[in-house]
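Visitor: Read off the chains here:
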Amino acid sequence: MHQVTTRTRASTIAGIAALALIAVGLILPAFAPRSLIQDLFFILTMLTLAQLWNLIAGFGGMVSVGQQAFVGIGAYAMFAGVILMGWDPVPAILLGGLAAFLLAIPMAFFAFRLAGAYFAIGTWVIAEVTRLVIAQWKTLGGGTGTSLPREATSDIIGVETIANLFGLRDAAARDVLAYWLALGLAVATMAAIYALLRSRTGLALAAVRDNDNAARSVGVDARRVKWIVFLAAATMTGLVGALIYVQTARISPDAAFSVTNWTAYVIFIAVIGGIGRLEGPILGVLVFWGLQTAFADYGSWYLLALGVLAIATMLFAPRGLWGLIHDRTGLSLFPVQRRLILIDERSKP
Amino acid sequence: MTDVLTLSHVSKSFGALKVTDDVSFAVPKGQALGIIGPNGAGKSTLFNLVTGNFLPDAGQITLLGRDVTRTPAMERVRMGVGRSFQIPQPFEGLTVFENLLTAAAYGQGKREAEVQDACVAILKDTELLAKANQLAGTLSLLDRKRLELARAMATGPELLLLDEIAGGLTEGECQALVATIRGLHAQGVTIIWIEHVLHALTSVVERLLVLDFGRVIGIGDPDQIMASKEVREIYLGMEV
Numbered sequence: 001m002h003q004v005t006t007r008t009r010a011s012t013i014a015g016i017a018a019l020a021l022i023a024v025g026l027i028l029p030a031f032a033p034r035s036l037i038q039d040l041f042f043i044l045t046m047l048t049l050a051q052l053w054n055l056i057a058g059f060g061g062m063v064s065v066g067q068q069a070f071v072g073i074g075a076y077a078m079f080a081g082v083i084l085m086g087w088d089p090v091p092a093i094l095l096g097g098l099a100a101f102l103l104a105i106p107m108a109f110f111a112f113r114l115a116g117a118y119f120a121i122g123t124w125v126i127a128e129v130t131r132l133v134i135a136q137w138k139t140l141g142g143g144t145g146t147s148l149p150r151e152a153t154s155d156i157i158g159v160e161t162i163a164n165l166f167g168l169r170d171a172a173a174r175d176v177l178a179y180w181l182a183l184g185l186a187v188a189t190m191a192a193i194y195a196l197l198r199s200r201t202g203l204a205l206a207a208v209r210d211n212d213n214a215a216r217s218v219g220v221d222a223r224r225v226k227w228i229v230f231l232a233a234a235t236m237t238g239l240v241g242a243l244i245y246v247q248t249a250r251i252s253p254d255a256a257f258s259v260t261n262w263t264a265y266v267i268f269i270a271v272i273g274g275i276g277r278l279e280g281p282i283l284g285v286l287v288f289w290g291l292q293t294a295f296a297d298y299g300s301w302y303l304l305a306l307g308v309l310a311i312a313t314m315l316f317a318p319r320g321l322w323g324l325i326h327d328r329t330g331l332s333l334f335p336v337q338r339r340l341i342l343i344d345e346r347s348k349p
Numbered sequence: 001m002t003d004v005l006t007l008s009h010v011s012k013s014f015g016a017l018k019v020t021d022d023v024s025f026a027v028p029k030g031q032a033l034g035i036i037g038p039n040g041a042g043k044s045t046l047f048n049l050v051t052g053n054f055l056p057d058a059g060q061i062t063l064l065g066r067d068v069t070r071t072p073a074m075e076r077v078r079m080g081v082g083r084s085f086q087i088p089q090p091f092e093g094l095t096v097f098e099n100l101l102t103a104a105a106y107g108q109g110k111r112e113a114e115v116q117d118a119c120v121a122i123l124k125d126t127e128l129l130a131k132a133n134q135l136a137g138t139l140s141l142l143d144r145k146r147l148e149l150a151r152a153m154a155t156g157p158e159l160l161l162l163d164e165i166a167g168g169l170t171e172g173e174c175q176a177l178v179a180t181i182r183g184l185h186a187q188g189v190t191i192i193w194i195e196h197v198l199h200a201l202t203s204v205v206e207r208l209l210v211l212d213f214g215r216v217i218g219i220g221d222p223d224q225i226m227a228s229k230e231v232r233e234i235y236l237g238m239e240v
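Going line by line, the protein sequences match chains X and Y. Position one of the first sequence corresponds to residue 1 (the working numbering), numbered consecutively onward. Position one of the second sequence corresponds to residue 1 (the working numbering), numbered consecutively onward.
Read the hints as simulated data drawn from the structure, not as lab findings. Don't take every hint at face value.
Said to hold, decoys possible - From the derived model, a few chain X residues whose C-beta atoms are all more than 10 Å from chain Y:
| no. | residue |
| --- | --- |
| 1 | T8 |
| 2 | P106 |
| 3 | F112 |
| 4 | V133 |
| 5 | E151 |
| 6 | S154 |
| 7 | S217 |
| 8 | N261 |
| 9 | F295 |
| 10 | Q337 |
| 11 | L340 |
As the list claims (entries may be wrong) - Residues from chain Y that keep clear of chain X, each with C-beta distances beyond 12 Å, as calculated:
| no. | residue |
| --- | --- |
| 12 | D21 |
| 13 | A58 |
| 14 | Q60 |
| 15 | R70 |
Said to hold, decoys possible - Partner residues aside, some chain Y positions facing chain X, computed with beta carbon under 8 Å:
| no. | residue |
| --- | --- |
| 16 | F25 |
| 17 | T69 |
| 18 | V77 |
| 19 | F85 |
| 20 | Q89 |
| 21 | E92 |
| 22 | G93 |
| 23 | L101 |
| 24 | A103 |
| 25 | A118 |
| 26 | V120 |
| 27 | K131 |
| 28 | A132 |
| 29 | Q134 |
| 30 | T155 |
Just so it is clear, CB atoms sit at the ideal spot from N, CA and C, and this is done for glycine as well.
Taking the hints into account, I'd like the entire structure generated from these sequences.
Guide: Spelled out as structure tokens, the structure:
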């Protein structure tokens, strides 16, 4: 007799804690100050971006340095929906996902021909090309960028309701709406990744990451698995990008396609927290936010310190902070490993 | 008796080098065929032609009565070709059990829940049950070889290709692995086995094929083949 399970006692507790945390997160705007809501928006969007990068790089072995392409194209598609087609900014976020999906198809087509470091450079180059092309789009401000028109931001769906509900001014109510959307995206992304990793496709993804050749020899369609994961991550990244710029309401090609903001920081978060684990980016984003809050005034020194910290982590704790914790305690909040438990017939009642 | 695999006049060249030269043979269902030959004789290439990793320049390959000469590798796995690699290639970040689950689920096109029992049975047969939850990256060489065998078995093969699976093992380890392979063969699995460790090979196979410079220079009863002058001269490098 045997049984197969991924669940542990820690994972059951973590599941309950996660649900409680989500519930608290939902009602938080009722009593939290606006600055906290803004900080949490930042944390949640960076967390989602880091989870998505972790999915393709940590679980899928595709180290992309071009994720800013999807943030940027997603944000610009949302702007195009609002400015050119007169859409409300919130539904226009969906255009961001669609645009990122469409961009990911040619990107994957070219980049999948490359491996390792060449893949990384290839994705970066494609992101830069996308930025240069978008900077030619005069209607959306060309190289200098543009802002969401006041008419569009003043009557976003749901803002008035939120304003009345919590007795807030419109600007603060917009932050609450953006925060809720960020919370929704973060939860949906993590739930989807967790479900994927526990599915049959999760096994295939790990097999392809560990040994492409051997994966094919047991019947895994390696190309298909990579395509699915890359396109899904790109689409979600596009949605996050669009959401970030609904909140910012001002866009320029340099900011929206910033390799520092949308890829370097994101990689930092995943590396510090622990690549290839769902817990990693959660821990990483908190560290990153703490450092940002405490030291961002130091400018380049702050960036240098981040770099040094990332290098030190890679050298001395390559599996990140969560890796250290896991090694010490064996703790896993979101386990994906299928454990075979043998049940001795004789010991059964 | 039906043939699981038939090669007729199969040739393959890399540039000017002919690595497979007009090779023809058939493997009946349930048979264990050994392949020997000096290094560079084209043994592994022959496997790659059967699995579909390489496509032949000429000739025809038939698997279970179907012409698979141009069939993609992945489809051949689903049709029932399982292989173990000369150098073990485990999925190191997965456990032993998960390695088998992956192979079984994808090799047979089934859901995970449907293949769990079969995977446990294979773990027992290959003496890996105690290490089921261990990461494959932490295994010893013998266990890696066992995992190669187990993972190939998990794909549910009609035809099992073993590439130098006994190489690099100590005598005792080799004996243990041979016993496992003999057990699988007794269950009726058709096997083609490339091996340099001759006594391991001849203790299992019923038929032996000798390859040299891409050509078949002998096929038949292992004792007769090993006794033939030509084989001794070419394969063992003996003066006649």
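Visitor: If a hint holds in the structure, say so; if it does not, say that too.
Guide: Do the hints match the structure? See the list:
1. Chain Y leaves X:T8 outside its interface by the beta-carbon criterion, the shortest separation being 12 Å against a cut-off of 10 Å.
2. Every Cβ of chain Y is farther than 10 Å from the Cβ of X:P106; the closest lies at roughly 25 Å, confirming the non-interface assignment.
3. Against chain Y, the non-interface label of X:F112 holds: every CB pair exceeds 10 Å, the least being about 17 Å.
4. For X:V133, the condition that its CB be more than 10 Å from all CB atoms of chain Y holds, with the nearest at approximately 37 Å.
5. Residue-level check passed: X:E151 sits 52 Å from the nearest beta carbon of chain Y, beyond 10 Å.
6. Residue placement check: X:S154 keeps its beta carbon more than 10 Å from all beta carbons of chain Y (closest about 51 Å).
7. Under the 10 Å C-beta cut-off, the non-interface status given to X:S217 relative to chain Y is violated; the minimum distance is some 6 Å.
8. Even its closest Cβ contact with chain Y, about 30 Å, leaves X:N261 beyond 10 Å, as expected for a residue assigned away from the interface.
9. With a least beta-carbon separation of about 35 Å from chain Y, X:F295 lies farther than 10 Å from that chain, consistent with its non-interface assignment.
10. Not every Cβ of chain Y is farther than 10 Å from the Cβ of X:Q337; the closest lies at roughly 6 Å, contradicting the non-interface assignment.
11. The beta carbon of X:L340 sits about 4 Å from the closest Cβ of chain Y, which is not more than 10 Å, so the claim that it is off the interface is violated.
12. Separation of Y:D21 from chain X is adequate, the least Cβ-Cβ distance of about 26 Å exceeding the 12 Å criterion.
13. Distance check for Y:A58 against chain X: the nearest CB is about 25 Å away, which clears 12 Å, and the non-interface claim stands.
14. Remark: the non-interface label on Y:Q60 is consistent with the geometry, its nearest Cβ contact in chain X lying 23 Å away (cut-off 12 Å).
15. A cut-off of 12 Å between C-beta atoms confirms that Y:R70 is not in contact with chain X; the least separation is 17 Å.
16. At a threshold of 8 Å, the smallest CB-CB gap from Y:F25 to chain X is about 23 Å, leaving the interface hint violated.
17. Because the beta carbon of Y:T69 sits about 19 Å from the nearest beta carbon in chain X, more than 8 Å, this interface hint is broken.
18. The beta carbon of Y:V77 comes within 4 Å of a beta carbon in chain X, closer than 8 Å, and the hint placing it at the interface holds.
19. Evaluation of the Y:F85 hint against chain X yields a held restraint, the C-beta minimum of about 7 Å falling below 8 Å.
20. With its C-beta approaching chain X no nearer than about 4 Å, Y:Q89 sits inside the 8 Å limit, and its interface hint holds.
21. The restraint placing Y:E92 at the interface with chain X holds, with a minimum CB-CB distance near 5 Å, inside the 8 Å limit.
22. For Y:G93, the interface hint holds, the least distance from its beta-carbon to any beta-carbon of chain X being 5 Å, beneath 8 Å.
23. Interface hint at Y:L101: satisfied, since its Cβ lies 6 Å from the closest Cβ of chain X, which is below the 8 Å cut-off.
24. Interface restraint check: Y:A103 against chain X, minimum CB-CB distance 4 Å, threshold 8 Å, status holds.
25. With its C-beta approaching chain X no nearer than about 12 Å, Y:A118 sits outside the 8 Å limit, and its interface hint is violated.
26. Hint status for Y:V120: holds, given a least beta-carbon distance of 5 Å to chain X, under 8 Å.
27. Nearest Cβ of chain X to the Cβ of Y:K131: about 10 Å, over the 8 Å cut. The hint is violated.
28. Taken as an interface hint, Y:A132 checks out: its beta carbon lies about 4 Å from the nearest beta carbon of chain X, inside 8 Å.
29. With its C-beta approaching chain X no nearer than about 11 Å, Y:Q134 sits outside the 8 Å limit, and its interface hint is violated.
30. The criterion of a C-beta within 8 Å of any C-beta in chain X is met by Y:T155, whose closest approach is roughly 5 Å, and the hint holds.
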